[in-house]
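> Each chain, letter by letter, is given below.
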Amino acid sequence: MKTKSRRLGKNTKNDLITYGIVIAAFVVAEVMQATGSMSSLLRGLLVPLCMYSILAVSLNLTVGVLGELSLGHAGFMCIGAYASSIFSVCTRETITEVWIRFPLAILVGGIFAAIFGFLIGIPVLRLKGDYLAIVTLAFGEIIKNILGSVYVGYDANGVYVSLESESSLAMGADGTLLINGPLGLSDVPLDANFIIATVLLLLTLFVVLNFMNSRSGRAVMSIRDNRIAAESVGINITKYKLIAFTLSAFFAGIAGVLYSHNLGYLAAKSSNFGYNQSIMILVFVVLGGIGKMRGSVIAACILTALPELLRELNDYRMLIYAIALIIMMIATASPKANAFWEAHSLKKFISAKKENKPAKEVQ
Amino acid sequence: MALLEATNLSISFGGLKAVDNFNIKIEKGQLYGLIGPNGAGKTTIFNLLTGVYKPTEGQATLDGTVITGKKTIDINKAGVARTFQNIRLFKQMSVLDNVKVGLHNHYKYSTIEGILKLPSYFKKEKEMDEKAMSLLKVFDLDGEADYLSSNLPYGKQRKLEIARALATNPKLLLLDEPAAGMNPHETAELMDTIRFVRDEFDMTILLIEHDMRLVAGICEELTVLNFGQVLCQGETSQVLNNPQVITAYLGE
Ligand SMILES: Nc1ncnc2c1ncn2[C@@H]1O[C@H](COP(=O)(O)OP(=O)(O)O)[C@@H](O)[C@H]1O
Ligand SMILES: [Mg+2]
Numbered sequence: 074m075k076t077k078s079r080r081l082g083k084n085t086k087n088d089l090i091t092y093g094i095v096i097a098a099f100v101v102a103e104v105m106q107a108t109g110s111m112s113s114l115l116r117g118l119l120v121p122l123c124m125y126s127i128l129a130v131s132l133n134l135t136v137g138v139l140g141e142l143s144l145g146h147a148g149f150m151c152i153g154a155y156a157s158s159i160f161s162v163c164t165r166e167t168i169t170e171v172w173i174r175f176p177l178a179i180l181v182g183g184i185f186a187a188i189f190g191f192l193i194g195i196p197v198l199r200l201k202g203d204y205l206a207i208v209t210l211a212f213g214e215i216i217k218n219i220l221g222s223v224y225v226g227y228d229a230n231g232v233y234v235s236l237e238s239e240s241s242l243a244m245g246a247d248g249t250l251l252i253n254g255p256l257g258l259s260d261v262p263l264d265a266n267f268i269i270a271t272v273l274l275l276l277t278l279f280v281v282l283n284f285m286n287s288r289s290g291r292a293v294m295s296i297r298d299n300r301i302a303a304e305s306v307g308i309n310i311t312k313y314k315l316i317a318f319t320l321s322a323f324f325a326g327i328a329g330v331l332y333s334h335n336l337g338y339l340a341a342k343s344s345n346f347g348y349n350q351s352i353m354i355l356v357f358v359v360l361g362g363i364g365k366m367r368g369s370v371i372a373a374c375i376l377t378a379l380p381e382l383l384r385e386l387n388d389y390r391m392l393i394y395a396i397a398l399i400i401m402m403i404a405t406a407s408p409k410a411n412a413f414w415e416a417h418s419l420k421k422f423i424s425a426k427k428e429n430k431p432a433k434e435v436q
Numbered sequence: 134m135a136l137l138e139a140t141n142l143s144i145s146f147g148g149l150k151a152v153d154n155f156n157i158k159i160e161k162g163q164l165y166g167l168i169g170p171n172g173a174g175k176t177t178i179f180n181l182l183t184g185v186y187k188p189t190e191g192q193a194t195l196d197g198t199v200i201t202g203k204k205t206i207d208i209n210k211a212g213v214a215r216t217f218q219n220i221r222l223f224k225q226m227s228v229l230d231n232v233k234v235g236l237h238n239h240y241k242y243s244t245i246e247g248i249l250k251l252p253s254y255f256k257k258e259k260e261m262d263e264k265a266m267s268l269l270k271v272f273d274l275d276g277e278a279d280y281l282s283s284n285l286p287y288g289k290q291r292k293l294e295i296a297r298a299l300a301t302n303p304k305l306l307l308l309d310e311p312a313a314g315m316n317p318h319e320t321a322e323l324m325d326t327i328r329f330v331r332d333e334f335d336m337t338i339l340l341i342e343h344d345m346r347l348v349a350g351i352c353e354e355l356t357v358l359n360f361g362q363v364l365c366q367g368e369t370s371q372v373l374n375n376p377q378v379i380t381a382y383l384g385e
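Chains as they are written, first to last, in our numbering: chain A, 74 to 436; chain B, 134 to 385.
FYI, nobody ran anything at the bench for these hints, they're computed from the structure.
You may find that some hints are simply not true.
Unchecked claim - Listed below are the simulated DSSO-like cross-link pairs for lysine-lysine, each with C-alpha atoms no more than 30 Å apart in a straight line:
no.	chain 1	residue 1	chain 2	residue 2
1	A	K312	B	K161
2	B	K150	A	K312
3	A	K365	B	K256
4	A	K83	B	K224
5	B	K250	B	K210
6	B	K210	B	K270
7	A	K83	B	K289
8	A	K312	B	K158
9	B	K224	A	K201
10	A	K86	B	K256
11	B	K224	A	K86
12	A	K365	B	K304
13	A	K201	B	K256
14	B	K224	B	K203
15	B	K304	A	K312
16	B	K257	A	K312
Chain B with its partners taken away, still in its complex shape (with noise of 0.2 Å):
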């Protein structure tokens, strides 16, 4: 069974079908494309994924289970975490604190525990700090724990969502544009981190990317979308070379 399949996932905005009958089945492990020019209806399947937005049509399931509909906080708990194009961090918060929100639901005393600072309060807190810490240093942001987010550079603010992301132990990770704003020398180095956590977490991601050099060198297979609809899927090589792909998309 696929970890991700969509079926017939469709959702209009006034006469605007921003996604049109929407179809994917990705599997465990899977390091998953989705490309298409601007207001293909990418990050409205995101969205849809999420529960940000209820699909007029169709649904998705995780593992089986249906997860369109659900609220949004418990598809994240049943296992699906996200980030975002333009960037959505904790900015008045710490690197670390950004990290330690994502670990929310895994480490868990109550509120009084916390106002009264009892034994569970240093324990949980240094377990978190430590998983926190950790997480950051496979992003290399271990050194900037204590720094306020917005103080990072955009390339690294990237990298910080997708730590915060990873914190909440999901099963399928969403990237929008994880490259958007990078320099080649930083896309490269997102490239190998991506694989890292692919490998070393056992994940399962699927990516929007407009970077065909990341796409084609990180993705085992694309979804290209075209005004909501599904232009080609298949396989990377196969889909890049595709004619209709070419015009709609790559070609000028």
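The following block holds chain A by itself, in its conformation from the complex (with noise of 0.2 Å):
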């Protein structure tokens, strides 16, 4: 049985680099903010990483590990920040401690996201073929569009609804606005913190790792793999897709709480919630690797950073950032470079430096 052993151990090591590494990154960061040398623009940019590290996961659980296409990531993503926002308006004056009112609204956003995504996948993932990318796409836009210019309000009668403005509530004199339309929520709180956005990213990998590695994730990869098998040993495959799929909504979702809560308002646009955002969290996970969570918040990582660093060089930036792209499809697709690094992983380097003595050809 050592064979056993052995490979848990190898998948709990790989997990731990990647904690290590978030981990690691997120000392460097508050070390440069402690001694001055970090710029506002990179400052600015430390909870987007997080939170588009968190969509790149979270949509590689769905690409990657069930083997789904979705295009309509962002939507899920603007759910959950539209719920938790909601969420943290009303409560903001009876719940005044940030550390239970935060958590509580980061709860709201995920699950409001994964009850969509439960929803959406039940008709859906029933269905065999490309269904899912066509539904998916046409559900971010259709949120996007809804929430973008609907009109919420409540008095002491109640709540009210409107697609058409402000004024078509007819609500009474205490009425307050709560969603205004195309400008959305003016004032959410800025609950989020680089802190909180890295626990939520540990979190993220966490769940989603461990959920790799045991019977259910198992059973989702032998989905992908081939369904008919799959259902020739006894896996409930719409049971599990559901699980996977509601489970990459939920975390969307809370990508989308911090995304508010870190911008202190909310509005939804094309720019943001719009299905360039999903594609653009598709590329990071194609190029971070199908099925590799590290990658994901690695490309994640570098993709929304490198725009943003670049803008001083401006005539160069969509060059660079071009090559950047090419190198990372290169470095991360082609079976050449696969082979390259699976032949200079760093294991192999300590355990050459170990063994330095002539190797021993025989045997």
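Work from the hints to combine the two standalone chains into their complex.
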């Protein structure tokens, strides 16, 4: 049974390296902040970097582990952002302790997104084929358009919803406007910060990586690899597809919570919750390596930070960005590169150092 | 009572009667062969017995309960496991994990327990690892447990499929051309392994095969299928000497 424990150990070790990289990056960023060597531009990017990493990891659960294409990930993020922001705005007076209010907001955002993921998944994941891509694409756009134009307010008599204008809500004099159409929510408490965002990223990685190494994760991957064979050994296809997709939506929702609670306001537009955003997250996943969570984090960080950091280079910005894309594509997707990474892995390097004697050729 | 009994099992695709009035009785512990030329309907019978297709007529029972019309996963839970003519492994998963997927319904812990890595996770995973390794050992695959399943040579992939099917703890094992693509040496080995599985696991096995040495060597009874219909049924030596069978299938 040596093989077994060795194998379990290998997965665990790999996961620990991933957590280690995130923690190390966090420490470096904190030190840079403390010593004042971080530009304000970079400081403003810290929470978004975590947010995009969470989005990429959670989408990779759908694309890489479940093997389904989703083009509406920003839609789940949008739902998480709105649900949690409404919660935070409404409870700001009643729950004054941030350390209670924000975790609750995170849960609210995640759970609402998960519910939508579940509801969309029920009809769509039963179908064989690429229906999920089409339906999620439509879903994302619909959600963004509705939440980007809805007016919601409340007074003593109840809640009012309108898609036309504030005045058509016809609230009483005591009425409070909650969502102001295209202007959204203008005053979301700034509860998010880099520490919480890092913790959420670690939590996302923890859940997703452990899920992949569990019985349920294997069931999901078996469906991805061969649905017919999975059925033939008694795997409940719909159940495990739904679990993976719902989990994926849950973390996208949490990323949405970070988004609005970091900005301090929330308005659904094409630029933040449109399909461009969904495609962008998909690019992180593809370039970071399908099914590879560490790669997703690294790709999300590089591709988010690079365009910002290159802003000064103006003319060459997109050129360098394009080159970076190509390099990453070659580094992660080509079989030759994969073989290279295998052969030059850190572990091999270390063990080679240890056995610094002449290699024993025989045996 | 026979372990597997099919009566008047039929299915047509469009106008084609792929399987026509198929009857079979397989007793517990039997090693039974299903032979016939390409396109005779053999794989279709497996698909009918495992719920991939619903029969247009007739039914099949396992241990007295009707299985036709049930869903594939319920038929597997009832005790039917199979391999595929075109190998269907979980290609991006390790050899060991392929077998562990087969153990899915026999070693259970919840998704939450798995995510939180509660003690039940470690306990069940250890049990699964041990069980899976012992199954791999039967097929001499324990040395390759960590390999990606798609990196195995062809013959070993076929063996892994059998190991995965056995992991679901079936009463009836359906093997679709298990020796296809194997060299004579591997085939001889496979024959021993199939016999061993039958004896060791008290298994009932129905296998489709074109290799006549394998069929003659290990099957006790045979059914010959031709154009969806049963041509001949009975003891292996008698069937293989039947003149009709010789002209339709064996002879040139
Ligand atoms: N899903 C299907 N749709 C249409 N025709 C099918 C289908 N499955 C099998 N057939 C046809 O049924 C016949 C028997 O096929 P099969 O059972 O695979 O033969 P074999 O005995 O070689 O395993 C063939 O003519 C095949 O084309
Ligand atoms: Mg066939």
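> Next step is simple, just say for each hint if it's right about the structure.
A quick look at each hint next to the structure:
no. : hint              : in the structure
1   : K312(A) / K161(B) : 33 Å, violated
2   : K150(B) / K312(A) : 35 Å, violated
3   : K365(A) / K256(B) : 27 Å, holds
4   : K83(A) / K224(B)  : 20 Å, holds
5   : K250(B) / K210(B) : 27 Å, holds
6   : K210(B) / K270(B) : 24 Å, holds
7   : K83(A) / K289(B)  : 24 Å, holds
8   : K312(A) / K158(B) : 35 Å, violated
9   : K224(B) / K201(A) : 19 Å, holds
10  : K86(A) / K256(B)  : 19 Å, holds
11  : K224(B) / K86(A)  : 23 Å, holds
12  : K365(A) / K304(B) : 38 Å, violated
13  : K201(A) / K256(B) : 35 Å, violated
14  : K224(B) / K203(B) : 27 Å, holds
15  : K304(B) / K312(A) : 25 Å, holds
16  : K257(B) / K312(A) : 21 Å, holds
Hint violations for this structure: numbers 1, 2, 8, 12, 13, all remaining hints satisfied.
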